[in-house]
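Number of protein chains: 2
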Amino acid sequence: MSYRRTIKIVCGFAGGSAVLVVAAAAAEYQGCFGHTRAARWSLFNVLRAAQPAGNRTVESTGNAWDFNWDKRDLSALLTNGKKEVVSEDPSSEQDNGKPKATRNILLIRHSQYNLSGNGDHERILTPLGREQAEFTGQRLAALGLKYDIMVHSTMARATETANIISKYLPGVELVSCDLLREGAPIEPVPPVTHWKPDAVQYHEDGARIEAAFRRYIHRADPKQKEDSYEIIVCHANVIRYFVCRALQFPPEGWLRIGLNNGSITWLTVRPSGRVALRTLGDSGFMPPDKLTRT
Amino acid sequence: MSYRRTIKIVCGFAGGSAVLVVAAAAAEYQGCFGHTRAARWSLFNVLRAAQPAGNRTVESTGNAWDFNWDKRDLSALLTNGKKEVVSEDPSSEQDNGKPKATRNILLIRHSQYNLSGNGDHERILTPLGREQAEFTGQRLAALGLKYDIMVHSTMARATETANIISKYLPGVELVSCDLLREGAPIEPVPPVTHWKPDAVQYHEDGARIEAAFRRYIHRADPKQKEDSYEIIVCHANVIRYFVCRALQFPPEGWLRIGLNNGSITWLTVRPSGRVALRTLGDSGFMPPDKLTRT
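Protein chains in written order, with this note's numbering: chain A, 1 to 294; chain B, 1 to 294.
Some hints could be false.
Heads up, the list lumps identical chains together, so a pair's fine if it works in one copy or across two of them.
Unchecked claim - Computed list of lysine-lysine pairs in DSS-like fashion (alpha-carbon distance at most 27 Å, straight line):
#1 196 / 100
#2 98 / 225
#3 223 / 100
#4 146 / 167
#5 290 / 167
#6 290 / 98
#7 167 / 100
#8 225 / 100
#9 71 / 100
#10 223 / 167
#11 146 / 196
No lab work stands behind these hints: they were computed from the structure.
Make a model of the complete structure from these sequences and hints.
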């Protein structure tokens, strides 16, 4: 199922049956994360489906912290008149329904590519870009984490980067996702003169990249027993937007951040919904003469 | 001159003679940056002295960007009825008085230290901490940048880290500064339970760390001809607060960021006042088994 189709389905039923919305979302979730996680969509999604479906915009929390930013804060759901939904599920009494695991999300920027290529399929990695991806793969392997999955944008440069990294992480499932493609997430503040996407680009990309954020950046499902380590290979704008959104900093500030090619940005999401940025644009594992930002 | 004395002098004359305020600040600036830069305090500081001295609090800019965040935006000063001050200085017509250089500020977190030490002087680096500082020094040298100066906090762990790094950067002036000592910059949002400083700690440290930010993080002086590279060796809370303030993100969000020991955080400040974060907590140059966060 393409992301375009999914978005249409989700939006189409927004005012109608919440169960159908969740069914469509669950199908797509399975598509990107493989079959192993499909079983996690249970009590949690019933609870989420019971939430009002009207939240279609990015909310700014000012200087406060919204613990229910990912709409998975069970206490918020329980105090919102949804207690009867929980009691319908027999498993809720066994594990209290609260997330217990921490999600580690390692965001990798694709490595250097041929900027003058005609269209995405010609914008493949340069020889240096392929070398950078080798360094990134070696570093991820050396970190020795128990990676659960690697998701990558379907654009050529991200796919190629992920394929090279994959050589160093045998056994880690590799899946692609259209939502993660590069784009214009939101008009940057302060504005810049050298990069001026059309309004329609923000209009389309903005909703898609926000949808990617909501799919990938959230606390663990209550059924997740162990901490997870997920790799996402995508793009500078997407990663910078994710970081601002996850830390509840103004998303318009994404262009105040720069990222080297092949760099690692590490977010953790605690069971409580707390988020921490452990590193941003780490590329210290590359020799200085291999560093680029294109 | 200690930072305590300087702060008293600056505050004492806040409502009086702006010239005296600048004189005290200039003396302290020289103390921390050595004698080579004292000559830069000219037109620029006369202009700054002419600004109202009442700005004592951290201002939130919401989702906007304040180009005059460091009170060095000459266009803001000129449009604020200060044109006659500029015309008094003969050099203003030669170079137009605008900054032309970019400042690169590399913020280094001290490496691992003995947490159980009794007081600062006993909280010295562990053997691993000394090893980490060697890695950081090697990386900074390998980056091959033309470093202008290294400033470090006067706390034992930062001093020791800076001294080890200094071995790899011969000829780079090394100076210490009390303003950069560790502390409680501002109550974090969301709050945490494991770390609860007294109100008086925020009261004292908050003003001091904000003073450190204003001293070290700003655009280049108009007289600076070339881009500069300055190293500041200090502490996790100080660096995290600096990053939030420099990017104009809510400073209360500083505890959403984590930093490895000996890691490199790189800020650039453009002549226009634009700020970019190039990397945060980069420690990829250390073998994974040497990474710590204590």
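Each hint tested on the structure:
{"no.": "1", "hint": "196 / 100", "in the structure": "between (43 Å within a copy, 24 Å between copies)"}
{"no.": "2", "hint": "98 / 225", "in the structure": "within (11 Å within a copy, 58 Å between copies)"}
{"no.": "3", "hint": "223 / 100", "in the structure": "within (8 Å within a copy, 56 Å between copies)"}
{"no.": "4", "hint": "146 / 167", "in the structure": "within (15 Å within a copy, 38 Å between copies)"}
{"no.": "5", "hint": "290 / 167", "in the structure": "both (20 Å within a copy, 25 Å between copies)"}
{"no.": "6", "hint": "290 / 98", "in the structure": "neither (44 Å within a copy, 34 Å between copies)"}
{"no.": "7", "hint": "167 / 100", "in the structure": "neither (31 Å within a copy, 46 Å between copies)"}
{"no.": "8", "hint": "225 / 100", "in the structure": "within (7 Å within a copy, 55 Å between copies)"}
{"no.": "9", "hint": "71 / 100", "in the structure": "within (16 Å within a copy, 47 Å between copies)"}
{"no.": "10", "hint": "223 / 167", "in the structure": "neither (30 Å within a copy, 52 Å between copies)"}
{"no.": "11", "hint": "146 / 196", "in the structure": "neither (41 Å within a copy, 34 Å between copies)"}
When each numbered hint is compared with the structure, violations occur for hints 6, 7, 10 and 11.
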